[in-house]
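**Q** Once you have looked at the hints, place chain B with the ligands on chain X.
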Amino acid sequence: MQLNEMTDLFRQKAELVSAKVSEVASLKEAYEYTVDLCEKKEACQLLVSGCEENLSPKAEALCETKPTARIIAAPGMRKNNFSEFKKLADERGIMLIESGLRKHLGGIDIGFTIADYAVAETGSVVLDSSSEDLRLATMVSEIHVAVVRKSTLRATTNALEAELKALMVKDGKAPSYLAFVTGASRTADIERVLALGVHGPLELHVLLWEDKK
Amino acid sequence: MQDAKDLKEYREHIKSALSNDFQRQALDKFAKAYPVGRANAFKGHDVKALINEVARVKDAGIARLDELYDEFKRKAEALGVKVHLAKTAHEANEIIARIAQENGVKKVLKSKSMTAEETHLNDHLEKYGLEVTETDLGEWIIQLRKEGPTHMVMPAIHLSRHQVADLFSAVTGAAQEVDIDKLVKVARRELRAKYVEADMGISGANFAVAETGSIGIITNEGNARLVTTLPRVHVALVGLEKLTTTLDDALKIIRVLPKNATGQNITSYVTWITGANECATCPDQKKVMHVVFLDNGRSSMAKHESYKEVLRCVRCGACANVCPVYRLVGGHEYGDVYIGAIGLILTYFFHSKEKAKALVQNCVNCQACKEICASGIDLPRIIKEVYNDILNEEGHPAESKVLGLVLKNRALFHGLLRTAKLAQKPLKAEQGYLRHLPLIFSKEHNFRALPAIADKPFRDRWNEIKHRVSPANPRYKVALFSGCVQDFVYPEQLEAVVDILEGKGVQLDFPMAQTCCGLPVRMMGEFNAAKDVAELNVNAFDQSKYDYVLTLCASCGGYLKEMYPRVLTEGGKIPVKAQQFADKVISLSEFMAKVLKLDPAEYQGQGKVTFHSPCHLARGMNVKEEPHEAIRASGHEFVPMEEEHVCCGFGGTYSMKFPQVSKELLDKKIANIEATGAEVIVTECPGCTMQIRGGLHNKGSKVQVMHTSELLAKARKKK
Ligand code: SF4
Ligand code: SF4
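Chains as they are written, first to last, in the numbering used here: chain X, 90 to 302; chain B, 3 to 721.
If you are wondering where the hints come from, they were derived from the structure by calculation, not from laboratory data. Glycine included, C-beta positions come from ideal geometry on N, C-alpha and C. Honestly, I wouldn't trust all of these hints.
Take a look, some chain X residues computed to stay more than 12 Å from chain B by CB distance [claimed, not checked]:
#	residue
1	Met90
2	Asp97
3	Val106
4	Lys109
5	Glu121
6	Leu126
7	Lys129
8	Met166
9	Lys168
10	Ser172
11	Lys176
12	Glu210
13	Leu223
14	Ser240
15	Asp300
Below 16 Å or equal to it, Euclidean Cα-Cα: the simulated EDC-like pairs (lysine to aspartate or glutamate) are [stated by the list, open to error]:
#	chain 1	residue 1	chain 2	residue 2
16	X	Lys147	B	Asp72
17	B	Lys254	X	Glu250
18	B	Lys254	X	Glu210
19	X	Lys192	B	Glu199
Away from chain X, derived, C-beta distances all over 10 Å, residues of chain B [to be verified]:
#	residue
20	Asp5
21	Ser21
22	Phe32
23	His126
24	Ser162
25	Met303
Excised from the complex, chain X in its bound form:
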């Protein structure tokens, strides 16, 4: 399969499960996209989703732990990339954090990750989530933004088998936590009506990045 066919298929399959797919020319563009997105979250959504509902005192209390500033979590990034991103976020008054996610279980606005691979036939991104902070960033956030380098896009999961195994086994020396993420967190447990964001992100944004091969 040609790259453009794969890209089209990926977009089609990901959009089918309500992911938002865009193209970026550089990582910088991805940061810009993310801070824009964070800023555009409307006032009412400033609240962590669900906190506007009638909750039990305990759940209310957790809602109150969320700082008033908007937060983006971007764990596992290279130092220079993180500082570049942080500069952008600072300018807009957004908190950018890379660790200590357990302190933010009340909620963060956006989790930002760079995917290891992506699979066209299912519209999935593959993330080595062995870092606990990375796992949490992609779970407790309201929105998950995942950058996919086009060079890591594959037609099928089967075509990725060797790479997946390498990520899972890590020479048999280290543990591993690997995730395929496809669309937002969803449920249809009440009357089979689809609802997004039951535990994890309400939205998944995928930024396809034409990287140098």
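**A** What follows is chain B with the ligands alone, placed relative to chain X:
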């Protein structure tokens, strides 16, 4: 959860389930939506091939569970996981309770695990004073309501948004709106607060990959990721059969499972956990991780010729989705912990023989589950085998024993039928009322008008008509297998075959020593009698003489073709004659469409005709399109009915055991027939003819029921 003590109590349960309007509407909607979503998800794929692959990789694992367990243990323990093997459900629960105690655990969070439901883990942990919270939305809802699941994938499908709103109002102590989106958000926040405090997370696993020592979990909500990340301790409770040899095997299953379960290409999250991962609040920053494998009879099932197939199940829930009985009565009455066809079977192994005994009888044997199963399990066959095993343990009822004895002796059986004909005389005037053959000997009464036994069975007419189908140089030599219903109740359906085959170069024979196919006794769990009867029939036909064994009865046909070789297997070997016999069996429409080739110029039918697809024709003999072709070729306008492949509710003995369910299925069928506006409904099985004709008659409908043979005979131009 099923708690009826016997069949009588179970019938009472069924009655009240049938009056649960919300559940019925919900399941009806789902039953119609599911096939569409599934077909979409599989578009462009060879579904059968994908399912066969799942069966293949599962079978390969099942054959060497011990080795896979050892390999998994070695790999996982090298990465800091403690792996346990529990022989029994109680042992598994105890292991987990001990892990909780050793780690000073007070609060436990769970993500969905059918295996934990199987062991009733929550009850056990609560006895130790632990607080256990389910995090899957559906599971949380039913946990709060103190109920069991009614579906393996959608545990709360029986509840309305109103019920959930009331429940959440009570739980939060704050009034909740009846708005699904908002209710989901409430659950998000309430459960998020639980994650913060929990000490231990319990998950299930869909896969345990031996070559890497990883567990794989698929979820849509993502709760399993939080459950396996936030608490200090993670315990995965995993059925032994979840072991796969390689990652590739697991990926093959993932190609089918979500598509078959919910019509999704893949679930939102697929998580692979290998070893004890990083955990900020844990000693040494490492998660305390345990994997508890549950045997609970699995390793001996793996060695059982018939039951090992059960271990292929990947818990997709599809066998409930397509089951016409589940659709009417819901999961609380169609399984215990496990639901649907697989639930009927697993209840026997894991929960209660008494419950299973009632449950397995509530299968109409329509084969829908078998056709849809993600791993190609022959569920209806195994359901009957479970029933036979239970009867072998507890003794067979006198009634089915008598029927078995009668059927084993053809002369006695046919003699009794002839006597019964005399006995029915006084009744015949008022629309002939008698019971289905050979269940005429059954005590229980039927619930609707059924036809009388014919004055002269087909076997007595044969000599007068056979010359019409005895050409000098035949192109095909065909033997007719009539089955007892057509022979003794609907001989006209068989005679019509003579009308349509005359002059077509077909030599038709009717071997007189043939008798009932034996399906009714097999359905009643009388396996020995079924075997004897099958032998009578195979011996009645000289396999070497015929090109085809033609049958107009789909139930007989499906049974002869699929089950005879298995029923007659002796010491692991299929007798050659039995296989030859089975291979030659063909249905009428397939014979007409594929062998003789239908020629529209021969026919001059007119008017609208619809078709009801008999379960054992469509799924037993895999004949779906040919009847439509026959109707079109006969000159009639074919108007398809909605849900033409759904069972009409006959099912032989079934319609007497569960008359209310049978009647509901029939009512639906009748409504679908009437909606087509057809003047004639054609079908290709005397059982369906009987059921549908009885239903239409009771409604005073003018729609006529015909067998494919009768339609073709009537429409054929006279020479
Ligand atoms: S054979 Fe039909 S009635 Fe029996 S369990 Fe399967 S789907 Fe249900
Ligand atoms: S028996 Fe087959 S259809 Fe039923 S849940 Fe298991 S895999 Fe799915």
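**Q** Indicate, hint by hint, whether the structure satisfies it.
**A** For each hint, the structure was consulted:
{"no.": "1", "hint": "Met90", "in the structure": "holds, 14 Å"}
{"no.": "2", "hint": "Asp97", "in the structure": "holds, 15 Å"}
{"no.": "3", "hint": "Val106", "in the structure": "violated, 7 Å"}
{"no.": "4", "hint": "Lys109", "in the structure": "holds, 15 Å"}
{"no.": "5", "hint": "Glu121", "in the structure": "holds, 27 Å"}
{"no.": "6", "hint": "Leu126", "in the structure": "holds, 20 Å"}
{"no.": "7", "hint": "Lys129", "in the structure": "holds, 20 Å"}
{"no.": "8", "hint": "Met166", "in the structure": "holds, 17 Å"}
{"no.": "9", "hint": "Lys168", "in the structure": "holds, 20 Å"}
{"no.": "10", "hint": "Ser172", "in the structure": "holds, 24 Å"}
{"no.": "11", "hint": "Lys176", "in the structure": "holds, 27 Å"}
{"no.": "12", "hint": "Glu210", "in the structure": "violated, 8 Å"}
{"no.": "13", "hint": "Leu223", "in the structure": "violated, 10 Å"}
{"no.": "14", "hint": "Ser240", "in the structure": "holds, 22 Å"}
{"no.": "15", "hint": "Asp300", "in the structure": "holds, 25 Å"}
{"no.": "16", "hint": "Lys147/X x Asp72/B", "in the structure": "violated, 44 Å"}
{"no.": "17", "hint": "Lys254/B x Glu250/X", "in the structure": "holds, 11 Å"}
{"no.": "18", "hint": "Lys254/B x Glu210/X", "in the structure": "holds, 14 Å"}
{"no.": "19", "hint": "Lys192/X x Glu199/B", "in the structure": "holds, 13 Å"}
{"no.": "20", "hint": "Asp5", "in the structure": "holds, 24 Å"}
{"no.": "21", "hint": "Ser21", "in the structure": "holds, 20 Å"}
{"no.": "22", "hint": "Phe32", "in the structure": "violated, 6 Å"}
{"no.": "23", "hint": "His126", "in the structure": "holds, 25 Å"}
{"no.": "24", "hint": "Ser162", "in the structure": "violated, 7 Å"}
{"no.": "25", "hint": "Met303", "in the structure": "holds, 29 Å"}
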